[in-house]
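Read top to bottom, the protein sequences are chains A and B.
The opening residue of the first sequence carries number 1 in the numbering used here; numbering runs sequentially from there.
The opening residue of the second sequence carries number 1 in the numbering used here; numbering runs sequentially from there.
These aren't lab readings, by the way, just hints derived from the structure by calculation.
On a predicted model such as this, the values are computed, not experimentally measured, just so you know.
Don't be surprised by glycine CBs; every beta carbon is placed ideally from N, CA and C.
Just to be clear, a hint being listed does not mean it is correct.
Unchecked claim - Some but not every residue of chain A turned toward chain B, in silico, with C-beta under 8 Å: (1) Ala22; (2) Leu26; (3) Leu35; (4) Ala77; (5) Gly79; (6) Asn115; (7) Val160.
There are 2 protein chains.
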Amino acid sequence: MRGAAASPTSCAMRARPPIPLALPSLRLPRWVPGLLRRQPARFPGREARMRLAIALAAENVAHASGGPFGAAVFERASGRLVAVGVNRVEPAGQSHAHAEMLALALAQRALGGWNLAAPGLPALELVSSSEPCAMCFGAIPWSGVAALVCGARAADAEAVGFDEGPKPARWVAALEARGIAVARDVLRAEARAVLAAYAAAHRTIYVPAGRK
Amino acid sequence: MRGAAASPTSCAMRARPPIPLALPSLRLPRWVPGLLRRQPARFPGREARMRLAIALAAENVAHASGGPFGAAVFERASGRLVAVGVNRVEPAGQSHAHAEMLALALAQRALGGWNLAAPGLPALELVSSSEPCAMCFGAIPWSGVAALVCGARAADAEAVGFDEGPKPARWVAALEARGIAVARDVLRAEARAVLAAYAAAHRTIYVPAGRK
Chain A
1 MRGAAASPTS
11 CAMRARPPIP
21 LALPSLRLPR
31 WVPGLLRRQP
41 ARFPGREARM
51 RLAIALAAEN
61 VAHASGGPFG
71 AAVFERASGR
81 LVAVGVNRVE
91 PAGQSHAHAE
101 MLALALAQRA
111 LGGWNLAAPG
121 LPALELVSSS
131 EPCAMCFGAI
141 PWSGVAALVC
151 GARAADAEAV
161 GFDEGPKPAR
171 WVAALEARGI
181 AVARDVLRAE
191 ARAVLAAYAA
201 AHRTIYVPAG
211 RK
Chain B
1 MRGAAASPTS
11 CAMRARPPIP
21 LALPSLRLPR
31 WVPGLLRRQP
41 ARFPGREARM
51 RLAIALAAEN
61 VAHASGGPFG
71 AAVFERASGR
81 LVAVGVNRVE
91 PAGQSHAHAE
101 MLALALAQRA
111 LGGWNLAAPG
121 LPALELVSSS
131 EPCAMCFGAI
141 PWSGVAALVC
151 GARAADAEAV
161 GFDEGPKPAR
171 WVAALEARGI
181 AVARDVLRAE
191 ARAVLAAYAA
201 AHRTIYVPAG
211 RK
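For reference, chain A alone in the conformation it holds in the complex (with noise of 0.2 Å):
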């Protein structure tokens, strides 16, 4: 089929498969609403808030429904949860669709627009089950949250398999010098588990082969 430059097998090359337009929906597990009807209507404390990312990612596992990693987006003062993300790389088809990801846009989604830092607005808050990879690192500043609390290390998602990117060294100050606030090993051990949990079940390292 090569060459047949003007014939109209190279209009079926040239549409085969067609140029996509639009993205699928991406969509949290159906287990999602019966943990959220389980929680209360405020989470006062960082290990309140940490708690629920640990538990997204746990369940996350328990359901197969996507790679170990929870996250959840709250007003800072009040304690309200606002939105909450799993990692679905596998099922969306999707390498970007990170749990911190999914929850920073759908905090946008529930709040009306993509500045979480828009005038009107009470201050945010990402609380991840997992230290955020190089890109949840770059996509946190764009999300307009104005704190971050990390529960697992990055080196305990290293230690299990999973690669965290080429992040810059010195990225709590990277953020802190834009003004987000960082708070790291918060339940620490307790989001380790889910990590190892999902090691010892031998899913998938999502890392692309040969490009790591």
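Position chain B relative to chain A; hints supplied.
Chain B alone, transformed into the frame defined by chain A:
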């Protein structure tokens, strides 16, 4: 209303606004199919591929359908176009809807999964009208592309007011260390002209206020 923990009002507070369970589908603008119909079946070299990325950026400015950034994914050897993307942050209300993110996710949509380096797929190349921001830089290794080709420099985007984020100083070396080839300054002047046109039209430079 505070403290009415067991009343119906408490439930109403918890439910308003509801926690969203899905993101709206990210879609390319309506003018994209028309632009694609005017394109050749194959893009033989870097400059031809970059011309498409720049045309996407320029049309996105002309149609006021997003920021001044365009990107496309090609089969590296054959030059076949696989997917395109443009910045959709404002119309989509999602801060991560950068041109590169859409192009990569749509390429994954076209080719059937999250890993563009999966066995059986040809090596793929991401061509972007501007160098990637910190987020898109971090997303590139997860996507499975084999190469990145850039038009305008990050400094060109910064010169008109955009913020490229906390990218590692040695970002090119970081990608190359992962087996991802990087080419810069391909049609840089033409790519920079699109950024200037956007700035001249006084369009939004969408960086969260107070978090820069």
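Against the structure, the hints:
1. Ala22: 4 Å, holds
2. Leu26: 5 Å, holds
3. Leu35: 10 Å, violated
4. Ala77: Status violated, d = 13 Å.
5. Gly79: Result: violated, 12 Å to nearest chain B Cβ.
6. Asn115: 5 Å, holds
7. Val160: 17 Å, violated
Of the numbered hints listed earlier, those contradicted by the structure are 3, 4, 5, 7.
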